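From first to last, the protein sequence lines are chains G and V. Mapping of the first sequence onto numbering that gives the first Met the number 0: position 88 corresponds to residue 87, and the numbering continues sequentially without gaps. Mapping of the second sequence onto numbering that gives the first Met the number 0: position 319 corresponds to residue 318, and the numbering continues sequentially without gaps.
If you're looking for bench data, these hints aren't it; they were derived computationally from the structure. Remember, predicted model here, so these are calculated numbers, not experimental data. Glycine included, C-beta positions come from ideal geometry on N, C-alpha and C. Do not rely on the hints blindly, as some may be mistaken.
[As the list claims (entries may be wrong)] Pairwise CB distance ranges (calculated):
no., chain 1, residue 1, chain 2, residue 2, range
1, G, His4, V, Gly307, 47 to 53 Å
2, G, Leu13, V, Arg14, 21 to 27 Å
3, G, Met23, V, Gly281, 35 to 41 Å
4, G, Met3, V, Leu296, 40 to 46 Å
5, G, Lys341, V, Leu29, 32 to 38 Å
6, V, Phe66, G, Glu146, 47 to 53 Å
7, V, Glu26, G, Met3, 35 to 41 Å
8, G, Glu19, V, Asp256, 38 to 44 Å
9, G, Glu146, V, Lys251, 38 to 44 Å
10, V, Leu296, G, Val103, 48 to 54 Å
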Amino acid sequence: MASMHLSQIRRWLLQSPPVEWGIMQLRELLIGALRQGSIPQHVAFVMDGNRRFAKSHGIETVEGHNLGFEALARVLEVCYKSGVKVVTVYAFSIANFKRSKYEVDALMDMAKVKLSQLAQHGDLLDRYGACIRVLGQRELIKDDVLEAIDRAVNMTAKNKDAILNICCPYTSHDEMTTAIRDTVIDYSRPLPSQQRSFSESHITHTIRSRHLSAGTLKVRSHSPSSGATSDTEESISTSSTLHPDSPPGDSMEGEDDGPKSEGFRDTFPDPETITPEILNDHMFTAGLPPLDLLVRTSGVERLSDFMLWQCHQDTEIVFLKCLWPEFDLWTFLPVLVEWQWKRRNGLEREKGSRGGIEKLIKMA
Amino acid sequence: MVLSKETKIYRQDVREKGAFLTPQQREDLLKPYLPDPPPTMVSKAPMPRKGMTQPVRSFAIKQLHLFVFTIMHLLFSVYIRIRQTYHVLWNQIFAVLYYHHKAPELIKQDVKNLNRLPGHMSVILELKGEERGTAGVESLMDDLAEISAWCACVGIPMLSVYERTGILKAYLPSTHRTVTSKLHAYFGRNIPSLQVRAPHIPSLLNGGSSEELDHLDSPSGHLSILLLSAEDGRSTLVDLTKTLSEMSQRKKLSPNDISLDLVDAEITESVMGEPDLLVLFGPNVELQGYPPWQVRLTEIFHVQDNTGVGYQIFLRALHSFAKAQMRFGR
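Same shape as in the complex, but just chain V (with noise of 0.2 Å):
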């Protein structure tokens, strides 16, 4: 905080690129805003006659910090208690206004208006602590199938799962019956073609039926899943590490050769390339350790104090992302 006359000051100075003000002028400006000298300095100057004041002043000081710091905390917990409340009701209004009825022609309807979409979408998921077990992958499972099944709807050909543990990369074949059962619930008959595959696991493409295979540029489109999970992110760069290391004690490789677009290369080629959004369903952003390389450009969107999966998140993602104002209503 600097007093406005030396504001002033300070900006003639800068206009005229230092040339204002002396530095000798220039420090007497700053002197009342330094903080004391380090103690090796005080030491050497006589020490204050106070005697037992400056302990005293000291401890009501602290005092005084801690009572402020108690009733900072106070307000704010009453604050956030307020403001959770307020998103909640918030986001149960946009739940009951935009909900999906498993109809893609309403959510068609809700998209229609967006100038942009998302090629490749991405989403953070989380397994639920207390659920570590089967029903903790089920709700985790039945949330992915949802995102798809609005992602098949709204027509983003891409849609990328981080999940930190990585669990639904053990699940590949059930995974792809799920998303496939509900993108019947939602389309009918005549579900979009669908793949499902993580880093380094063969793809599953339309749960290797053959009967389904010639929907590939059905009229319903087309759908790829990549499910990610920490180990996509710091390890791959780590291996990547490590493979140009032995190619370079083999002299196949000289270290000069590395370049920005060699790694960017590998890393599209060996998990994905830059995702367009990045939409959180937890209350703040934390990417958890999702893939680095790859969120350098992405848009991230989330809602505060928000907890769980919700159309209505998904929906004004999209909204975000394209810069569009959410009306009331459809």
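Chain G extracted, bound-state conformation (with noise of 0.2 Å):
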């Protein structure tokens, strides 16, 4: 009972209005303070702990979900004012899709009435200077949610300063075979042909003829053998030049297709050129800057098929036991103060090393 009182008087007084403008303020100055230090780049959220939270609060499933809504509305502010300039957030995978129809239909439903909305706020968007990106699988959503989703990206695609992707439906697995299958796609386009000044044919005509005249004034002073193993590096050279990028093993298997290509087959790019760099280019975060920080809530330890091969290098991963509807500043501000105190560190161990290399090469 006792509990009971004070906790109404405590939220009595945390939403007194001199109360609440200290906090805002509090918040401004926190805010303002990390950004003083570095600040992480990309930032990833794995949203969950919307249901558990519903449940245990005993409300409906979709209040919880719009509660995290309002929690993302509050990170994000965050994120935004401490410098960050890349937010993904991780808000429906495709396995998703097996919740009840109910729930998808309703997270779906609250999907489309928030970006319309953000739509009748257009210029009010762009003090943020925020842009919107949708990341996934579009062939899954419905078309009317595909709309908003469209009309929402092209409001804001202008804006450069800040950009929020959105995750829907995603999952990583997904998105790393996409990036294999475009990155195949682009490889087998044949190359467009060079336009250049010179024809092959004629310079082999020449060479033929300047062949048949040097043969016809060599042939009586020097022995035929000569004139036979010259007559072969011609063959070869030939051979060779008429595809050169095509690798060794293309021109065999060539010839098993049948002459379906006469004289002049496709030059492709030499598959051996791919690199990690270029299936990257590929992801859905192509051009983005590397993922600094992972944040995972509600105590699960695990990356559900979430941004992996974003997040397998040096990412700092942290995965925090409140759930999303709960996180905030207090709870978001000590995992980037941590984050600052390693880079920090990290930097000054860097330093010492070098130093202490430097001091030793002195001493020599």
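Since each chain sits alone in its own frame, please combine them into the complex, following the hints.
Here you go:
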């Protein structure tokens, strides 16, 4: 009983105007202070725990998702004010389609309403300079939602200061498969035949005529064997100049295919030139700064098919116990400060080791 | 941060799917929270007549922010020292309470209550930077041998070990020897059959010695160890893309045939399947280039501020995997 009174008094106190004003000023101050250090350029969130929050608070699942959206708005405000350039959120997984139809529809409805509201306030959005992108399998989204998405995306496309990536419906395996497929399609496109001012047939013709004239001159003075070797050399060189870019295996396979392309076969880019960077440029996150920080709420310590390609190198991954609707500056601030602290310590250590080496060199 | 009164209005609006407020009302609700319009808009407005006060003010605010930043980091470094000490102490307590004494029976006792065990466990080990010579490799191999022995005792049939540089792959036979001798130290004469392999390198089964081959289905079980490096991560996916491109160029495959299942099957075949549990022995969660395709649903376990391999960490990982509470003592 006493605790209930206490919590009511607390709520009353926290909601009184001067206290609210004070908290707001404190938030601004803390965010301003955060900006003085280095800030992650790209942060990703797995917004986990909406349903569990709803269950534990005895409200409807959809209501939990609504509160989750409010949490997202709060977090975005913190991120953009503190200088994060790109925020990527896991809104909907392809696997989520397995959930109840009611919940999926409600989520999609929410997305539609929010995005169309957003579209009504285009000029206000420009103040943040944020653009929205939707990453994932568009084909799985219903038409009316897709329309709202496209409107919001097109409206904000010109903003360059900050980016919000909404992953919906997304899985990382799907993203990687798509990247591989797109790369393969890129590399299966024949190279445009180069228009140079020299024609191959003319060159062969010249060589042949030269050989003929030289042959007629030299045949009498030299033994015929030298003429024979030069002949074979010529045939080798012509056959290799015909397809300069095709790998050696290609010509053998081509003979199996039959005389599909007579004389002139398409040349393809060399598959050996494919690098991780090329695959990276085919991911949905192409051109964005590397992922610095990935936060997952609700204490689940799994990546659940999110940003695997982007986060498996030196991204700092943080698993938090709190549920997503509870996520706020007060839970995010320690994460950011720790990130700054580690970054500074890492730099110092690097500097220190380099300094040590320099000292050694000086001593020697 | 939104004031509570306005939150209430906003939620009313949400409940009625945006019908409660008109766009104009919503804009008014939002206005106080918006940042200043971008500078291009400001220039159109008449310049403030404050003159000098503006730069002074912004200078003062910057100083204040710097001051708060310094205080914040000062407090944080105190906090993190305390946290690290706390975790080290806790870790020591665990290490004392749970020690394996190289006895398989004790280790079995420790995991007796767990209702599920990972079928495929993965660990990330680190080659210490300072001792890149043979000492580093030796300590790495020793850690690997210890973990293998614990896995064999618990009954985990598959262990994959990721180490960024892949230096252990060059020492496959001696790794096998080290692990075998460690297993002998734990089990005595009858050790489980042991297979050590790495992707694209022929595997070593029981060190090639024939007399132990009939132990394959010995009561002591079987353990296979897979050595992984950064090569098996992105590069494998790149290699797959190269092969697929080549096939597509020769018209042996249409790009539309490239499906998630195909990629998954190929990656699983050439490297490994998805591990059930990934244990990190470092102070924070950083995958260091671990194969990205395979960590999809893997449980990732780490102990905050921990450095180094320890039996208590291994045990805690298994307990958290089985969602079981660890009581103190045995």
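Hint check:
1. G:His4 - V:Gly307: 47 to 53 Å: 50 Å, holds
2. G:Leu13 - V:Arg14: 21 to 27 Å: 23 Å, holds
3. G:Met23 - V:Gly281: 35 to 41 Å: About 39 Å separates the Cβ atoms of Met23 of chain G and Gly281 of chain V, which means 35 to 41 Å holds.
4. G:Met3 - V:Leu296: 40 to 46 Å: Since the Cβ atoms of Met3 of chain G and Leu296 of chain V sit about 41 Å apart, the hinted range of 40 to 46 Å holds.
5. G:Lys341 - V:Leu29: 32 to 38 Å: Given about 36 Å between the Cβ atoms, the range holds.
6. V:Phe66 - G:Glu146: 47 to 53 Å: 50 Å, holds
7. V:Glu26 - G:Met3: 35 to 41 Å: 38 Å, holds
8. G:Glu19 - V:Asp256: 38 to 44 Å: 59 Å, violated
9. G:Glu146 - V:Lys251: 38 to 44 Å: Cβ of Glu146 of chain G to Cβ of Lys251 of chain V: about 40 Å, so the range 38 to 44 Å holds.
10. V:Leu296 - G:Val103: 48 to 54 Å: Distance hint for Leu296 of chain V, Val103 of chain G is violated at roughly 21 Å.
Checked against the numbered hints given earlier, this structure breaks hints 8 and 10; the rest are met.
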